[in-house]
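Enquirer: Could you put the whole structure together from the sequences, leaning on the hints where they help?
Spelled out from the first residue to the last, the chains are:
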Amino acid sequence: MSVPAHELLALFGHFLLLSLFAIGGAITVAPDMHRVLVDQMGILTDAQFNASIAIAQASPGPNVLFVAVMGYQAAGFLGSAATLIGIMLPSTTLALAAARWSNARAHWLPVQAFKAGMAPIVIALMFATAWILASGAGQGRLWLLALVCAIVVWHTRVHLLFLIAAGAVLGALGWV
Amino acid sequence: MTSPALARPTSPSELFIAFTWLALQGFGGVLAVAQRELCERRRWLTREQFIEILSIGQVLPGPNICNVALMVGDRFFGWRGAFAALAGMMTVPLVLVLAATILYAEFAAYPAVSGALRGMGAVSAGLIAGTGLKLAGSLRLSPLGVPLCATLAGLAFVAVALLRWPLVWVLAVLGALAWTLAWWRLRARDPHAGKQA
Chain A
1 MSVPAHELLA LFGHFLLLSL FAIGGAITVA PDMHRVLVDQ MGILTDAQFN
51 ASIAIAQASP GPNVLFVAVM GYQAAGFLGS AATLIGIMLP STTLALAAAR
101 WSNARAHWLP VQAFKAGMAP IVIALMFATA WILASGAGQG RLWLLALVCA
151 IVVWHTRVHL LFLIAAGAVL GALGWV
Chain B
1001 MTSPALARPT SPSELFIAFT WLALQGFGGV LAVAQRELCE RRRWLTREQF
1051 IEILSIGQVL PGPNICNVAL MVGDRFFGWR GAFAALAGMM TVPLVLVLAA
1101 TILYAEFAAY PAVSGALRGM GAVSAGLIAG TGLKLAGSLR LSPLGVPLCA
1151 TLAGLAFVAV ALLRWPLVWV LAVLGALAWT LAWWRLRARD PHAGKQA
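So the protein lines, in turn, are chains A and B.
Okay, so the first sequence: first residue is 1 according to our numbering, each after it adds one.
Okay, so the second sequence: first residue is 1001 according to our numbering, each after it adds one.
I should point out that these hints are in silico values taken from the structure, not numbers from a laboratory.
Because the structure is a prediction, the values reported are computed rather than measured.
Any given hint could turn out to be false.
Claimed, not checked - For the chain A half of the interface with chain B, some residues (derived, Cβ under 10 Å), not all of them: (1) 8; (2) 29; (3) 30; (4) 55; (5) 102; (6) 127; (7) 147; (8) 174; (9) 176.
What the hints assert, rightly or not - Counterexamples of contact, computed for chain A against chain B with all Cβ distances above 12 Å: (10) 2; (11) 3; (12) 7; (13) 10; (14) 35; (15) 36; (16) 38; (17) 39; (18) 42; (19) 46; (20) 151; (21) 156.
Quick reminder that beta carbons are idealized off the backbone N, C-alpha and C, glycines included.
Expert: Structure follows, in structure tokens:
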């Protein structure tokens, strides 16, 4: 757990860099995190790496927190600060600047065309995410559960936490 | 466009609390909850505005949902709002996920626990698909028209979900194509558009 200061700095620097490549979310650069933390620096095991992603998926909040879990398992609280602040700082600064730039030009044709053109793609990416999550889960009854939830969300206002809880209960009982 | 009057948060602390609550409901991803809370429950954004913000968040690097929080906060209270929304989204969940990490070793051994995680994973896939179905309704108003929207969406889905192509390339190629088509359609509709307001 004790990682020297210069390694923490190297970790921070590497995550700062990765932040700018993380189009589609931090999970898209997870392979490179694996390369650095597990293969190169050797401060995280393979099992810890996989557990980090699973723990963050199962916890409430944005999935990017898996980065903090990796940092914590590799180098304690300082490690989690180094990885999480590193992955967030460049991308948030850029997002804020881009949002202001496009808001200031909301009636400009290229900006309007961008929004109109991206809308179907963004929606398709949500279906793609759902597809990938469901195929990672595997067998038939899980697909059925996902499908039923999709229809319920589409057509009703049932509380989403209720659906999550139902999924947890069905899974714990071994029905799905 | 189609929505009745929207509400707005009264202070950055309201943003902080709203995003904390929203993040705490988001198991396996916050997107579905964000859409429900921001568009339907609190009515701070229309579905169209939500898709617009998500589009910008999607092409930029970084976690989409954190970019969405920043932009929503910024829209209402400038950088103070942006910071409040992002901090709300991250702070309490960070404490929880680190606590879960510390407890993980003890819980992982029970089959009921891994079963529950599996069930929750399938539900979160369903939540995202359901949210996508709901948002797809707003494409009826798109200047691209429904057939083109469906074609672009279908291509994006096949490329990312079935062929597993890297998102960067899909966005670069399909995004550029969609952008050009939308530009062309908007210009055909209103020949005077194109001058900066």
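Enquirer: Each hint needs a verdict: does it hold in this structure or not?
Expert: Results of checking the hints against the structure:
1. A hinted interface residue such as residue 8 of chain A counts as satisfied when its beta carbon comes closer than 10 Å to some beta carbon of chain B; here the least separation is about 17 Å, so the hint is violated.
2. Because the beta carbon of residue 29 of chain A sits about 9 Å from the nearest beta carbon in chain B, less than 10 Å, this interface hint is met.
3. Look at residue 30 of chain A: its Cβ only gets to about 12 Å from chain B, farther than 10 Å, so that hint breaks.
4. Given the 10 Å rule on beta carbons, the hint for residue 55 of chain A holds: about 5 Å separates it from the nearest Cβ of chain B.
5. Checking residue 102 of chain A against chain B by beta carbon gives a least distance of about 6 Å; that is within 10 Å, so the hint holds.
6. For residue 127 of chain A, the suggested interface contact is upheld, since its CB lies about 5 Å from the closest CB of chain B, less than 10 Å.
7. For residue 147 of chain A, the interface hint holds, the least distance from its beta-carbon to any beta-carbon of chain B being 7 Å, beneath 10 Å.
8. Taking 10 Å as the C-beta contact cut-off toward chain B, the hint placing residue 174 of chain A at the interface holds, the least distance being around 6 Å.
9. Interface hint at residue 176 of chain A: satisfied, since its Cβ lies 5 Å from the closest Cβ of chain B, which is below the 10 Å cut-off.
10. Annotated as non-interface, residue 2 of chain A keeps its C-beta farther than 12 Å from every C-beta of chain B; the closest such distance is 17 Å.
11. Look at residue 3 of chain A: its CB is around 17 Å from the nearest CB on chain B, clear of 12 Å, so calling it non-interface holds up.
12. Residue 7 of chain A, annotated as away from the interface, keeps every beta carbon of chain B farther than 12 Å; the closest lies near 20 Å.
13. Look at residue 10 of chain A: its CB is around 21 Å from the nearest CB on chain B, clear of 12 Å, so calling it non-interface holds up.
14. No Cβ of chain B approaches the Cβ of residue 35 of chain A within 12 Å, the least distance being about 16 Å, so the stated non-interface status holds.
15. Distance to chain B confirms residue 36 of chain A as a non-interface residue, since its nearest Cβ pair spans about 17 Å, more than 12 Å.
16. The Cβ of residue 38 of chain A lies farther than 12 Å from every Cβ of chain B, with a closest approach of about 17 Å, so its non-interface assignment holds.
17. Listed as outside the interface, residue 39 of chain A is consistent with that label: its C-beta sits roughly 21 Å from the nearest C-beta of chain B, beyond the 12 Å cut-off.
18. Every beta carbon of chain B lies more than 12 Å from that of residue 42 of chain A, the smallest distance being close to 20 Å; the non-interface claim holds.
19. In this structure residue 46 of chain A is separated from chain B by more than 12 Å, as the shortest Cβ-Cβ distance comes to about 15 Å.
20. Not every Cβ of chain B is farther than 12 Å from the Cβ of residue 151 of chain A; the closest lies at roughly 7 Å, contradicting the non-interface assignment.
21. Not every Cβ of chain B is farther than 12 Å from the Cβ of residue 156 of chain A; the closest lies at roughly 9 Å, contradicting the non-interface assignment.
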